[in-house]
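Undergrad: Listed here are the chains, written in short residue letters.
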Amino acid sequence: MKQSHIRNFSIIAHIDHGKSTLADRLLEATGTLSDRERTDQFLDKMELERERGITIKAQAVRLLYTAQNGEEYVLNLIDTPGHVDFSYEVSRSLAACEGALLVVDASQGVEAQTLANVYLAIEQDLEVVPVLNKIDLPSAEPERVRDEIEEIIGIDASEAVLASAKTGLGVQDTLEAIVEKVPQPTGDPEAPLKALIFDSWYDSYQGVVVLIRLVDGVIRKGDRIRLMASKSEHEVLKVGVFSPHLKDIGSLSAGEVGFITASIKVVKDAKVGDTITHVKRPAEQQLPGFQEVKPVVFSGLYPVDSGDYDDLRDAMEKLSLNDSSFSFEPENSAALGFGFRCGFLGLLHMEIIQERLEREFGVELITTAPTVVYRVTSVKGEVLRVDSANKLPDVQYIDKIEEPFILASVHVPNEFVGGVLSLCEEKRGRQREIKYLTSSRVMLVYELPLNEIVLDFYDRLKTLSRGYASLDYEHLDYRPSSLVRLNIMINGDPVDALSLIVHRDKAQYRGRELAAKMKEFIPRQQFEVAIQAAIGGKVIARETVKALRKDVTAKCYGGDITRKRKLLEKQKEGKKRMKQVGNVELPQEAFLAILKVKESK
Amino acid sequence: MLSIYLHIPFCQSKCDYCDFFSVAVPHPRFANYPALLHQHLELAARQPEWQGPVHSVYFGGGTPSLLTASDIAALLNSIDNGFGLATDVEISLEANPGTLSLAQLQGYRAAGVNRLSLGVQTFDNQLLQQLGRRHDAQDSRQAVMLARQAGFANLSLDLMFALPGQTLPALREEIRNYLELAPQHFSCYGLTAEPDTPLGAAVRNSHTTLPDEELYADAFLTLHDALESAGYRHYEIANYAQADFACRHNLVYWQRQPYMGLGAGAHSFCDIDWGQRRATANDLDAYHAALQTNTDPAETLETFNRQTAMAEALYLGLRTRQGVSEEAFRTRFGTGVASAFPSALTELANRLELQDGYWRFRPHDWLLFDRLIQAFF
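Those protein sequence lines, which keep their order, are chains A and B. Mapped onto my numbering, the consecutive letters of the first sequence carry residue numbers 1 to 601. Mapped onto my numbering, the consecutive letters of the second sequence carry residue numbers 1001 to 1377.
Honestly, the hints are just simulated from the structure, not real lab data. Since the structure is predicted, the reported quantities are computational estimates derived from the model, not experimental observations. Incorrect hints may appear among the rest.
[To be verified] Calculated cross-link-like contacts (lysine-lysine; reagent style DSS-like; alpha-carbon spacing at most 30 Å): (1) A:Lys238 x A:Lys2; (2) A:Lys271 x A:Lys294; (3) A:Lys555 x B:Lys1014; (4) A:Lys280 x A:Lys318; (5) A:Lys506 x A:Lys546; (6) A:Lys566 x B:Lys1014; (7) B:Lys1014 x A:Lys564; (8) A:Lys268 x A:Lys294; (9) A:Lys555 x A:Lys570.
With the hints as constraints, model all of the structure from the sequences given.
TA: Right, here's the structure in full:
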């Protein structure tokens, strides 16, 4: 395939702005998807992806398109995840492209979620092609939105494609724009092999399927390859493309996008961002940008029913086959019994894993409050890695505690700057830079402790900027900090699974709010339930859930016994979702109450 | 022995809190409804699982007093022909104040009705209006007087508590009003906002506020104390009676004895094997259609095994003051309560006691009945 006839592109869009529908239309218009195969949101394969409208795994689909100039082009659509938790994965997917469609709802305008990814695309020198979608709606304002794109993002939108993925309007124009505007790939087919891994997953028939972008050279079935970062060697079993179904084509050359399978057993061995080269004629340097992805947020996952422990372990093993950024190891809690300490890329990633475990594997879970990894130096000089409040040694054994800091870039319209500044200050941030990108757009760069981000920073940023702020961050370093363990006691007994590590200045407030929030979540029981928050031995807050006084059906009418009795049986069934701690029944939400605590204003 | 419940699913208008099956008259299915009941009865009389004599009959609704005295007389006659009425049979009829004439009441009495249950609900006229009732306090007093005049010596009055805005002093005043009428029996129930009712919607939209659970509990206990000291025994969670006036039909439900339901939306309990619950659909057209083709309109809701029967016997029996007889339980199920439900008894250690051969809750623990009883499920 001649490089002049290849276009590699991805689609960037805000949730609900029609990315999946447009992708479906492109597949249909190019005949990639037959009518029979049409399902909505073809690329979002997981039930969860479809429901939430988020993409978790990248996909790459090859479309064959005969342009108006009569020539046939190969268009590789690379679908990327769209959340800050996955920004590294997104950056690698974008690195596989030369261009990106920026899909914007013509009545909603530019929204924040798209911005972080657009900036990533611009940083990587991608050609951004604006598409104004939902142009058929009466509320569409293409002119205003065009101006907005130019103003906010700073790209020329005068030739933006007007489209309606729903009616099919503008789909041809979109395809033409891809051919015309997205640059062709460059790269030397004769040079030593360099292929970028931008995703991989485990398939029970194929083994690990690795998505790659050929930068230089050619890869063929039977080649001996080396993964430069993993330093492992394999034999290529299959080389192909998705069109949209897996198709073996024997080889891929510079500029092309496709997949390989090799003797790779687990996804952990095919890391996103790694470079594939030949064993015999290796490239001298790997492609830039590779990072070892490490979980940054940890929480405990426990089966509600302790009898489900083995099922949970099996389920986690299966999930981790496909998700190398998810880690787990056994831990146990006095309150919750046997479970696992799990690591995630962020809160969304945590929610996704939790939901998949519950949904796809049928295990009911208790999730404990998320935490980051602290570095604790003991008085003896040992350095401990603490990923759970319960592993924090007693005060007298601690020389110092350090917490991870990140460098956060927030892009925000002018009018919300004040709000974002005070949020960052409240979150113990240190300002590094404040820069006007345009007359109405500002970039704030802050050093922030990661544990503040983990709690509710992202949600609050979105709320106070009405969704217009975008967040991107990178890890910085560890810094000494004044941190303490906040313990929660239920009827006088400390519940280990509810402990938190918090900054000393915030402990008082968080303790009070947490106790109050838990009171909302804990249903009345047959006796009074006292919730106390304490630091060391000192109680700083107390709330009481009053004893249940009334739970009775007055009357059964006309002998209809069945209906009410079944309701009670169902209630009893529902109670099994609660965790018995001592003699108190705690619902699942109580363990995550800290995430619902609102900061003072 | 058998009890029979006849459901009369017609009302002059629907009350805002009611989620029982009933439709407003005039209604095209009203005129020949008694005829359908007769047909239904004939069909049931041929089923071997129902064996007379009948020791209680209950006309419930809806508003059974929409039927004429001769309708009632004819139905009772058919029941007698089909199953035989016991000599001491209890025959109850629900009636609404404000719709009853002396002649009508005399007619019911002459037809054989010997127990009248009046839907008084409250003596607060404003609340009556708010609940969508069509009568006022004066109608209630009048109805009681007429009933006595017609010869009813066994009167039951409905009393609703936990009404919107109702304070404890207001409830005490309410009880005084009721006691002045000296009925033999009270049905007392706290107002509940069922989701699919106008009241439910009003509570959801905060147009109406019901008393909180503290006030509900206090009202329940206030009623208990006041009525018990006035000589009424709190014989079941929602029922009080003077000596010998406990409603036999009501106790049949809680003692898990057989009852046959006739009419659309009526429920039955049949004691073949470990028991079977049946019901006819809440659908007048379907009821009509089934009987047109001489098909039994009842469908089986659930069939019990020994374990579920034991649990249900406790669920029902523990609602009564008398409680569940250890001996009767053992005779029926071949095991004692304690060995059948060891973990439930541990869980309920301080609440459930065995006294004089009966397992029972104390009346104040009835407030948590729905919670406590789940120990047996």
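Undergrad: Each hint needs a verdict: does it hold in this structure or not?
TA: Against the structure, the hints come out as follows:
no.: 1; hint: A:Lys238 x A:Lys2; in the structure: holds (22 Å)
no.: 2; hint: A:Lys271 x A:Lys294; in the structure: holds (11 Å)
no.: 3; hint: A:Lys555 x B:Lys1014; in the structure: holds (18 Å)
no.: 4; hint: A:Lys280 x A:Lys318; in the structure: violated (35 Å)
no.: 5; hint: A:Lys506 x A:Lys546; in the structure: holds (28 Å)
no.: 6; hint: A:Lys566 x B:Lys1014; in the structure: holds (26 Å)
no.: 7; hint: B:Lys1014 x A:Lys564; in the structure: holds (22 Å)
no.: 8; hint: A:Lys268 x A:Lys294; in the structure: holds (11 Å)
no.: 9; hint: A:Lys555 x A:Lys570; in the structure: holds (19 Å)
Hint 4 from the earlier list is the only one contradicted by this structure; the remaining hints agree with it.
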